Every structure is written in C-alpha cells, then in structure tokens.
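Engineer: Sequence:
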Amino acid sequence: MTDEYQTIATTSEGYYTEKRSKFFAFAHHVECVDEIKEILAQYRKKYYDARHVCYAYMLGADRAEFRANDDGEPSSTAGKPILGQINSNLLTDILIVVVRYYGGVNLGTSGLIVAYREAAADAIAHAEIVTRQVEEVITYTFAYPQMNDVMRIVKEMNPRILSQTYDNTCEIRLSIRQSEAEQLRNRLSKLL
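Numbering (this note's numbering), first residue to last: 4 to 195.
Possibly wrong hints are sitting among the right ones.
Straight-line alpha carbon distances no greater than 30 Å define the calculated BS3-like cross-link-like pairs of lysine-lysine that follow [as the list claims (entries may be wrong)]:
| # | residue 1 | residue 2 |
| --- | --- | --- |
| 1 | K25 | K40 |
| 2 | K40 | K83 |
| 3 | K49 | K25 |
Derived from the structure by calculation, the hints contain no laboratory data.
Remember, it's a predicted structure, so these values are computed and weren't measured experimentally.
Modelling step: build the complete structure from the supplied sequences, incorporating the hints.
Structural biologist: See below:
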C-alpha cells in the first residue's frame with residue numbers, strides 16, 4: 004500500500020464553449036462531504052440563473068468515497084465525464100463543479116459528454132497538483148525523566164508535533180508518514 008496521494012493545492016478554473024453553451028469549471032481542494040455541500044450551495048446561489056450545476060468529487064487517500072451528479076442533464080452525460088477526469092489524473096480530495104449556461108442549441112449526449120469532460124480537464128490543467136503523504140497520529144504518554152530519550156527519537160524521525168503536555172506524566176501527539184508509523188511506535192515502546 005502506498006502512503007502518498009495526489010490532490011490540488013488551491014482552487015482553479017476552466018472553461019469550455021460549444022454551440023453558444025458555456026461551461027464554467029471550478030476545481031476545489033476538499034477534505035469532507037460537509038465542505039463539499041457548502042461549496043455546492045455557494046455555486047447554486049451565485050449561478051442561480053444557470054441551467055445546470057453538475058459536479059463530481061473524490062475523497063480519501065484510498066479514493067474510495069466519490070460521487071457524480073448530472074443535475075438534470077441526461078443520465079451519465081455530466082457527472083461521469085467530470086469524475087472520469089478526476090480518475091484519469093489519479094486525484095483525490097477534489098471537487099469539480101461545472102456550471103452550464105444553455106446556448107439555445109441541444110448538444111446531444113455525446114456533445115454533452117465532451118463538453119463536461121473538456122471543461123473539467125481545463126480546470127485540472129490550470130490547477131497546481133501536489134503530492135501529499137498519508138499520515139498517522141501517535142499519542143505517547145511517558146514519565147518526565149524519559150523526556151530526553153523521547154525528544155531524541157522525535158528529532159531523529161522528524162514527525163510533526165501536534166501537541167505536547169509536560170507534567171508529572173507527559174504526553175506528546177505526533178503525526179508521521181504512515182509507512183514510518185510502526186517504526187516510531189516500536190522505538191517509543193522500547194523506552195518503557
């Protein structure tokens with residue numbers, strides 16, 4: 004299992020036009036469904052006069068949580084092509100929204116598929132793609148006299164320190180790349 008995944012750094016935009024229909028695409032870095040719902044509500048409010056606000060998203064490093072929505076377009080002509088672009092670029096933690104303004108000419112199912120796919124592809128092309136690591140959080144409790152030993156391991160393995168409390172009993176919360184978590188756990192447990 005790999006402990007890396009690709010996502011986008013910030014919001015990006017794309018555009019496609021076909022027979023006077025305009026397709027505005029927006030790609031967002033997202034981390035949960037509630038965030039997605041909030042963003043979709045903003046687009047539906049901002050583009051209240053648009054005919055369709057279609058979208059697709061992919062969540063999680065394992066890319067297991069996803070959804071595609073056609074928002075009134077013929078079945079599988081909008082959401083699936085958008086999701087297809089997310090999949091072909093192997094991205095996750097991403098939401099792509101495509102807003103369509105109807106131009107008066109029907110595009111047909113193949114025309115719609117191409118339009119939504121190209122709009123999503125343009126948004127991805129304008130995005131900064133970044134590689135992130137899957138991290139695991141480790142909480143370790145220890146006696147104050149062990150402080151130097153614990154901090155030496157932290158310095159050597161370089162996890163991110165999320166929180167630390169020092170008292171008679173100390174606690175430290177560390178976030179480390181998933182592939183290195185077991186090694187960190189083993190080294191800390193040998194201090195006991």
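Engineer: Each hint needs a verdict: does it hold in this structure or not?
Structural biologist: Checked hints:
1. Of the pairs offered as hints, the one joining K25 and K40 holds, with about 23 Å between alpha carbons and a cut-off of 30 Å not exceeded.
2. For the given pair, K40 sits about 19 Å from K83 by alpha-carbon distance, which is consistent with the 30 Å threshold.
3. Between the alpha carbons of K49 and K25 the distance comes to roughly 16 Å, so the proposed pair stays at or under 30 Å and holds.
In summary, the structure agrees with every hint in the numbered list given earlier.
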